[in-house]
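Visitor: Spelled out from the first residue to the last, the chains are:
Protein chains: 2
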Amino acid sequence: MNENIIFRAIGIIHTPFTGAEKMPIQPAAAKGVEGTVDIKPEFEIGLKDLDGFSHIILLYHLHLSRGFSLEVVPFLDDKLRGVFATRAPRRPNPIGLSTVRLLAIESNRLRIQNIDVVDGTPLLDIKPYVPEFDDQRADKIGWLSDKIERMREIRSDNRFN
Amino acid sequence: MNENIIFRAIGIIHTPFTGAEKMPIQPAAAKGVEGTVDIKPEFEIGLKDLDGFSHIILLYHLHLSRGFSLEVVPFLDDKLRGVFATRAPRRPNPIGLSTVRLLAIESNRLRIQNIDVVDGTPLLDIKPYVPEFDDQRADKIGWLSDKIERMREIRSDNRFN
Numbered sequence: 001m002n003e004n005i006i007f008r009a010i011g012i013i014h015t016p017f018t019g020a021e022k023m024p025i026q027p028a029a030a031k032g033v034e035g036t037v038d039i040k041p042e043f044e045i046g047l048k049d050l051d052g053f054s055h056i057i058l059l060y061h062l063h064l065s066r067g068f069s070l071e072v073v074p075f076l077d078d079k080l081r082g083v084f085a086t087r088a089p090r091r092p093n094p095i096g097l098s099t100v101r102l103l104a105i106e107s108n109r110l111r112i113q114n115i116d117v118v119d120g121t122p123l124l125d126i127k128p129y130v131p132e133f134d135d136q137r138a139d140k141i142g143w144l145s146d147k148i149e150r151m152r153e154i155r156s157d158n159r160f161n
Numbered sequence: 001m002n003e004n005i006i007f008r009a010i011g012i013i014h015t016p017f018t019g020a021e022k023m024p025i026q027p028a029a030a031k032g033v034e035g036t037v038d039i040k041p042e043f044e045i046g047l048k049d050l051d052g053f054s055h056i057i058l059l060y061h062l063h064l065s066r067g068f069s070l071e072v073v074p075f076l077d078d079k080l081r082g083v084f085a086t087r088a089p090r091r092p093n094p095i096g097l098s099t100v101r102l103l104a105i106e107s108n109r110l111r112i113q114n115i116d117v118v119d120g121t122p123l124l125d126i127k128p129y130v131p132e133f134d135d136q137r138a139d140k141i142g143w144l145s146d147k148i149e150r151m152r153e154i155r156s157d158n159r160f161n
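For the protein sequence lines, the chains are A and B, in the order given.
Here my numbering is used: the first residue of the first sequence is 1, the next is one more, and so on.
Here my numbering is used: the first residue of the second sequence is 1, the next is one more, and so on.
Please keep in mind that the hints were generated in silico from the structure rather than gathered at the bench.
Hints should not be assumed to be uniformly reliable.
If several chains are the same, the list does not tell them apart, and a pair holds so long as it fits within one copy or across any two.
[What the hints assert, rightly or not] Listed below are the simulated BS3-like cross-link pairs for lysine-lysine, each with C-alpha atoms no more than 27 Å apart in a straight line:
no., residue 1, residue 2
1, Lys31, Lys140
2, Lys79, Lys48
3, Lys40, Lys79
The following block holds chain A by itself, in its conformation from the complex (with noise of 0.2 Å):
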């Protein structure tokens, strides 16, 4: 369980989100924002059948994330928490997860809404959002009860640069 699992981007992801500045730190707090996701010709084949859904699934990989922590400070509190507990980027395994609503494929190009990622993210999967699979019904949301009303308004710093 020591060995590597190596990955390869199948296209890029770009947004007006030059740096991780003022970026929206959630797609909720995107709302709107459009991006263009250019996956690599080759892979273009794989995006049949994929234009039927409204809303897809990106895995990412978070490739400004230097090392990790396994305890950070996230952008909606002011407490140290333990990683696994946060979406902060800087993780052992530096990927990150956004579902975005889908605008339109054109050839191996997708047009995208609320994006969340800085422009130039590596992509490295898309799935269908299904609200079947992926909705649930969570009865505790842990140290972001509290919280998530400021979600809207708060934009990232730069503290994880």
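Chain A is fixed; fit chain B onto it per the hints.
Guide: Positioned in the frame of chain A, the structure of chain B alone reads:
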């Protein structure tokens, strides 16, 4: 963008499913199935505060997948679909995603419910499940629209072995 992206397992997922056959294909079809996640001791501190969440997102390496197909016949269908429009395991980057209920954390062991992966699956990341981040009002679920009802009944066969 052709460089290798290297990850390592942070732990191992244990389930009652010792092979891909007869395995539920999504957590919604694995209701009640309990499993454990053994996190490597060196990452245990990163679990702090996670016990406040009722549900967590597991990202894992679909380690039994060999190679990939850009078009697949998914379990719920009988037509070839683009792999990115499915949750099939033989993907260019075989990363799996499941949202499960968190029952308890005992030191570096998580007890979880509604788990749909094969025993011994290498874990890549844990994220707290937060409806405000993760739930979307999907108005289209493509080819799955008329098939989703069958999901609970279907179990995987061995077509991806």
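Visitor: Starting from the hint list further up, note which numbers the structure goes against and sort them upward.
Guide: Violated hints: none; all satisfied.
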